[in-house]
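Peer 1: The chain contents come next:
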Amino acid sequence: MNRMQRAALGSGAFHVAVFALAIWGVPTLFDPPPIEDTPLIIEVLPIAEITNAPKATAPTPEPPKPEPPKPEPPPPAPTPPPPPRAEAPPPPPEPLKVEAPPAPPLPPPPEPPKVVAALPPPKVEAPVPPKAEPPPSPAPRPQAAKPPPMPTPRPVRKEAPKLDIDQVLKDLTKRKPNEPAPAPQQQAAVAPRAAANAPSNPNLALSMSDIDMIRQQITSNWNPPIGAKDAQNMIVAVSVAISRDGTVADVRIEDEARAARDDVFRVFAESARRAVLRSSPLRLPPGKEERLSSDRLQIVFNPKELLGMR
Amino acid sequence: MMTLSSRPLSPPAGFSADWSMGRRLVLTGGVAAFWGFSQKMAAAEIRIDITRGQPQPLPVAVSTFFGATPEEAQVGADMARVVTADLERSGLFRPLDPRAFIQTPAALKAAPPRFPDWRQINAQALVHGNGEGQRDGRVKVEFRLWDVFVDQQMAGSVFTTPASNWRRVAHVIADAIYKRVTGEDGYFDTRVVYVSERGPQQRRLKRLAIMDQDGANHKFLTTDERFLVLTPRFSPTSQEITYLSYVNNRPRVYVMDVDTARQEVVGDFPGITFAPRFSPDGNRVVLSLSEDGDTRIYVMDLRTKAFSRLTSSTAIDTSPCFAPDGRQIVFNSDRGGSQQLYVMEANGADVRRISFGAGKYATPVWSPRGDLIAFTKITEGKFYIGVMRPDGSGERLLTESFLVEGPTWAPNGRVIMYFRQERTNERGQGGRTRLYSIDLTGDNEREINTPEDASDPAWSPLIP
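Sequence order for the protein chains is A and B. If you count the first sequence from 1, you need to add 185 to reach this note's numbering. If you count the second sequence from 1, you need to add 2 to reach this note's numbering.
A few of these clues could be false.
Taking lysine to aspartate or glutamate and the EDC-like style, the derived pairs with C-alpha atoms no more than 20 Å apart in a straight line are [what the hints assert, rightly or not]:
# : chain 1 : residue 1 : chain 2 : residue 2
1 : A       : Lys489    : B       : Glu397
2 : A       : Lys414    : B       : Glu397
3 : A       : Lys489    : A       : Asp356
4 : B       : Lys181    : A       : Asp447
None of these hints come from the bench; they were simulated from the model.
Let's have the full structure, built from the sequences with the hints guiding it.
Peer 2: Dropping the structure here:
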């Protein structure tokens, strides 16, 4: 009896415990573990070789921001040191002495110096129309007789310089007859100008298309001297500082030592620097102005692909 | 040749000649190291690779050279014209129309360039200069080349020279500009010797002629048209040529000084000698000698007259040409059945074939810069001028025609000249034959003006 009582009580308590556990305990026991907040890794790949900048998302029609005028470096020391007297030497500080030996006039050349009293404008081909307005010519240019005809070789096929991007070195075997020469790739770079004071976050990461936008602008201004010897080894890195409005503030050639001793490399380096300067002001991807102007950019120019040597 | 003295011209006050100079003075020791380091760190943040570009001629503004007197002004204008024409013809420059220039030659003489004025007309480089007569009758010519985008002088020189020498000075200036802008030596102060031809195709009269590379100063070197002349070749070191002439129906190899026109026979051999070419040091001539039905390659020392055989096959080995380092010789031979290009050591050892394309290959010429061999290729009834690397790889054909032949390199290894003959009609008429030049890239093919038909050009080295 006593034993039965104890057993019944124990059993009752056990049942209560089991039910209690079933009702309140189990849900917490089997709660799914909290989802860890792991970062999702997404690889950003270039969308295409030619991607235009994201359409300007700044619909706020800002008052037409004063277009930064073409960055014109400080005017060269306006009027140099007081131009000396009437028939003074040219600007160079050092006097242009007639150094040099009055070398023995060897077998004198047949023709004496021509002495004509006129200053004909040299005739040059390939006229390039000056920008919009006619140049305010400060001094009337002497218009004179035509220059004497010169036995200049005449161009045979005065073809426009090839802009064959993939391979600039011509090879007849690779171009079948009737195949049109590859059309010059024109850059359709008409991306709208980003409003410079759109919200810009210095920590905003750059996307591939942001990079691509800048790449395209510089690419279209790079004129590499591709025929030079060992051109394929001329990989030039320049360090560039730009301001928020895209103006190129500074370009430095990183390997200056090599540029100082290697003529061909120097020429490549200068072509790279010129490409950056010609691209100024750069159109910057909207919202990334702060990011791009807070650090120097490293721009690496590599002609291998141009030379068909991938 | 005429004398020419020159010295470099430093930039005017306030301008640095070279962008790498100024900074180096400031950055010394630890400062430089730290600066370099921090640059690297910063630069690593955003990197942009540029692998494409727009190769095109550089827009250059060549201002008329200033002259105070009418005479000096005339020479200044003529010089600017020659410089402009040289640069334009190279295909690497696009001279701008002087009518667009804002700053005048006089203003450029008085003050440094106003760079915004030049950027406004899209110039990337600016050339200006001036000439001044001296009391001794000579002229002093100076020129400067400016980078319009970084406002810096890139080059500048002063020359003192007889007034009649202005054309040469203009070529020298053009060479300096070319070298500074392209990084390669120029080739404007050079001449071309070639075979001038006239008369019916069956009975051609041939004379040697020489001219500046732009066609100026043309003159004939040989006058007796009864003697056939062939294959003139310039010495790489002096103003001498070697060529083949049939005097009294006997073909022999001669050497001639082009300034004095003095000539002499290179040895007297039992067989027929032809296809002569100088060694890079100018002291030897490599040629073919045909004897007993075999044609072999020999080299001869011009001083000692020592003569040695380099090949010994029972085939036709001809058109030998030294590499610029003198260590190897390229030639063509039909020893393998068809005519192909071979390279051997300068002593004749280690002969190996380098051309394997379809068709025949002829007249190989090693580039003065050593990286390529130009050749004539004949396949499927057409002639081509092409280039390949000395190991036979990278063959590229630059131009084709009914007949193109005889490539010769500009001394900088960048431009090739050759001749092209048009087809004759059934009556043997036509057959116009002219010299052409083409850039190594295959662009910028141009005809060279000559008074008569022209073949077999040979380009001189830079005139010393």
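Peer 1: Each hint should be assessed against the structure and marked as holding or not.
Peer 2: Evaluation of the provided hints:
no.	hint	in the structure
1	A:Lys489 x B:Glu397	18 Å, holds
2	A:Lys414 x B:Glu397	16 Å, holds
3	A:Lys489 x A:Asp356	17 Å, holds
4	B:Lys181 x A:Asp447	12 Å, holds
Every hint, counting from the list given before, is met by this structure.
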